[in-house]
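Colleague: Read off the chains here:
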Amino acid sequence: MLDGILIGLQTAFTPINLLMVLAGCFAGTVIGMLPGLGPVSAIALMIPVTYGLDPASGLILISGVYYGAIFGGSTSAILINAPGVSGAVATAFDGYPMAQSGNAGKALAIAAYSSFAGGTIGAILLLLCVPFLASVSLSFQSSEYFALMVFGCTAVAAFSGKGQVLKAVLMTLVGLMLATVGEDPSGAQRLTFGNAELSDGISFLLLSMATFALAEALSMVLKGKSKSNDNESKEMAKVSFESLKLSRDEVKEIAMPVGRSSLLGFFVGVLPGAGATIASFLGYGMERNLASEEQKKLFGKGSPIGLAAPETANNAASTGSFVPLLTLGIPGSGTTAIMLGALLSYGVQPGPRLFIDNPAVFWSVIISMYLGNIVLLILNLPLIPYIAKILQVPRQFLTPIILFLSLMGVYLVSFNPAELSIMLVIGVIALAFRILDYPLAPMLLGFILGGMLEDNLRRALLIWDGSYDFLWQRPLTATIMMVTLIIMLTPVFSELLKRAHRRR
Amino acid sequence: MTKFFDNKDRVGAALILAFSLFYLRSSLSIPVDPFDAEVGFTSKTLPLFLGSCAFVISLLLLFISYLQSEGDSISEGVHGYDWKPVLALILLMAAYVTLFSFLGFVLASALFLQSAFFLLGERRLLVSISVSLGLVLFLWLLLTQVFGLYLDGGTLYRVLGN
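Protein chains in written order, with this note's numbering: chain A, 1 to 504; chain B, 1 to 162.
Note that these hints are calculated values from the structure, not bench results. It is possible that part of the hints are untrue.
Some chain A residues judged to face chain B by a derived CB distance under 7 Å, without partners named [unchecked claim]:
1) Leu170
2) Leu173
3) Leu176
4) Gly182
5) Ser186
6) Leu222
7) Val393
8) Pro417
9) Arg434
10) Trp464
11) Gly466
12) Asp469
Note that beta-carbon positions come from the ideal geometry of N, C-alpha and C, so glycine has one too.
Same shape as in the complex, but just chain B (with noise of 0.2 Å):
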């Protein structure tokens, strides 16, 4: 099984194949127009071509790579990566829009960077707090009083002004 999931190009079929089965079955559901369907050509005609294609070639690809004796190893591909500070930029990014309407551009952005900044190294806290506020600020002041874009304060400005 492990071996079965060290190969680039087998798993990345695999994922295309998964993908196509499910759009394949989502296309069926897809409403047709009368109209249409008298042309021949409706709705749902591209994306079950391009469904079934899909899936066609994920599994010519998934045959190939079991064909071939050797192929691009996933773990050999991936040595020396450091996964770490990508997930923890990844979730950041997730509380990152999670948070922004109730914290509003300036406090979220803020705060996204200056944890970004300290995930990836940097503990001078002067610079990274002066860099990301800064930025956020000038971005703020330039959106807002130049270009007269509406930013939204968030929630907790809200309820904090009232």
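Just chain A, same shape as in the assembly (with noise of 0.2 Å):
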């Protein structure tokens, strides 16, 4: 283990590898930022431009992008009430406020140290947790792997919101399908109508940036965020960055909340499914109950601790998302899912091996996640007052750019524009999912397990001469079985338990 850590320590620490970490953190907060643009937006957006780097720099940049973009987030969040992404909804509960109070500068700079703080002991347990749980799984076999995919894809479908789990297992069917458009392990051509373009395949590439990049910029438009931004260029302008500094008594304040919230974020984090969100309202949620009347009474008016909890507990989360994806192989989020495309699309096989093969990824990827929670806190945050110019760059402009980009970032990497009429007519029915309130993040995750699930299935069953016999005869298989379908049916029998609760 030390080995590695010292391969990813020198792998991480390369001057590309903390170039891409620093542009990375800024680009992330740059696209955080705007209302409308999640992690995942900015991760597609930034895709095609890792495809030219080595795997680990390109993963850096990624995590960069990723941590970067939670960062942006907030900060809109905070300063003009519109959070980027939907974890740092909870952050505007007591940040805004806080703000409006004439106190930018500090709620930022809570924000700041507090995710800092989730993203270390986040960091922390990772790097005690992964490779227990990797050697753990270095004994799966074929029919483990299989057992894991199905649990992959149904534990995010069951996570979904109340009223969203049939559309979310529906959704991660719909990507189930997708990936078995194109040549087929035994080489067999599926699905492809005769069209050369769908030989090889639904690119990964093309399937996020038309679902989240090229989709959400649209979709900015039909809900009129993209004519002007005259009221966040208004919020903009009450907005005072006085000092970012913090007295001891309000570090003192926030210690125990963020000690609590981090590890509460980073457990929720490594759930998948869970995530960043329901990880910061958990956290938020849970202060609020411990807090003293007095504290109590300051939640939603700008109190610090309500501003910690949340931005702790979503850093951490983040940060426990990358367990499954790098012990299991399995993405916990819509972020981490795209975050495996990109890992594939490197020819690296992410799970149990993926320390022992390619430790100089693994390890730097991790150590790179803390540089990255160092870079936002030392780079990032005194450069604020003059990133967050860019909410006041007119709609108009932005929304046609991203929507160019996200088309440039296909075309880049195929030099085939057959591609982007195939690109621009998912866009267009991801847009109407969107309006029908169907989840895209399960639909990209079914597509990017697809291809592993069925090659699993195919060679299990090679082994076990055809008999599906290993879904029960194999000890390990069949508990992961069981946990799925324990999972799966929890929505179902804690809505019919309510029912009978109702009528009595």
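Got two chains here, each in a separate frame; can you build the complex from them with the hints?
Modeller: Pasting the structure below:
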């Protein structure tokens, strides 16, 4: 493990990778700050840039973008009450009132220090958890991997919001169906309809750009957020960036909530499908319940604890979401799903063997995550008053530029204008499903896991002579399948219990 | 009929139901490798399973949407949406994609950006032309001169060049 950490340190501290952390954090902050564009879109927009880099540098850049986008989302939540990402909604509860009362600098500093603490504790826990989990999962065979892929697909669906479970399952299935287009593992052409453009399957980059960057930009126009940002400009004009320093009392006040929210956030983030949004709300709720009556009165009116708790929790959860990705090869969220897709396109297979086969990638990513947190604290925070000017750039310029960069991102990888037509069609369909409130992240997850799911099932069947007995005869496979079944049925049972309770 | 289409879950489920039927029908014609058939898992096994699951679940969702007295209304959900610029942008992107090979990267992209700025309400011509042309030329220089990538000049450029 120590050797691996040293390799990771060497890789992470090369000038090019340090530059990647800086560039990623900066680009992520700028993109994440724009209301409507979250980390998934930010990463999707950056993927074409990473294609020319080696896997470690590419992934370091993407991780930087991820952290930057979360930081940027919190900044717009605090300054103009427009959370750039759903994980920053709880941040706005107390961050915005604090900024309105003339303490914008302080609010940003609390957010940055809390994020840093959450990220640090998360990174330490990640450092401890990942090798242990990865060594356990080394005994996994194809059947266990197949079970894990099924678990990954269903867990995200099961953790979806109320009334969304069936829709999320359906969208996961759509993703899995799209993954079957093109050449299958045996070399047969499937569902290509004689179209040469589809023979290699639908590209992951195309699908992620179309469903997130393109559809999100169109969605912004649809909701009327594209014409002008007069309100935001007015809000920004009211903000004054006085001191970014915190007093000793303020640090003392938020220290315990930050510690508690870090642990809570990390473990929520580890659960597939839970993610930063749930973690931030849980962190906020927990601290509100634990606060004294006097502190409780301040919640919603600019409480430092109310701001620190969700910020810490969402950053710790973002770190935690890397655990299932790096150890088991299953993404726990839309963002990590897109990262998994990027890893696969580099030819790197995440999972228990990653830290043995590619220690440089494995450890440098974990170390650069921590570097990302430091960059955000010492570079981005003082620059925030200047970076925030992006919020004053007229939207009528920003939206077309996002559309153009999305299209170019796909074109510059394939140099095939026909792919742009497919992208446009998928983008329009994605917009329609967005309007109908069908979640798109499970679709992308299904699409990314689809190929691996089929490969492992095929291999397991070959080993077991075409018999499906491995599903219950291998204890580990059976256990994962049982957990999957329990997770899938939990929302159904809880609904039935609620109904029975209501009848009583 | 209008009421049928005014439910988000129902319309979404109906769309996926139609897609899964089409997918199932197409999956039936996937060629099968005789060796795979012996193992019991062919190229069409997974597509047929996935298509069937999607068919059943979308049907279930459709059924549930009928049982529920109230669902998310599309007309209420999209109230106040700005459809015209979105449709215009989609058409503009379609035109951009179609004309890309003919006009080439620089001209097609600059025209696309300029038109999109105009569509979204930017009327300061000098500013919008500077932004669109500036961005496209910057990207062109970066990609061709710094990264050494080849960007198609377009049929028009070649015709005029000859």
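Colleague: Each hint: holds or not?
Modeller: Here is how each hint holds up against the structure:
no. : hint   : in the structure
1   : Leu170 : holds, 5 Å
2   : Leu173 : holds, 4 Å
3   : Leu176 : holds, 5 Å
4   : Gly182 : violated, 11 Å
5   : Ser186 : holds, 5 Å
6   : Leu222 : holds, 5 Å
7   : Val393 : violated, 10 Å
8   : Pro417 : holds, 5 Å
9   : Arg434 : violated, 11 Å
10  : Trp464 : violated, 10 Å
11  : Gly466 : holds, 4 Å
12  : Asp469 : violated, 12 Å
The structure shown violates the earlier hints numbered 4, 7, 9, 10, 12.
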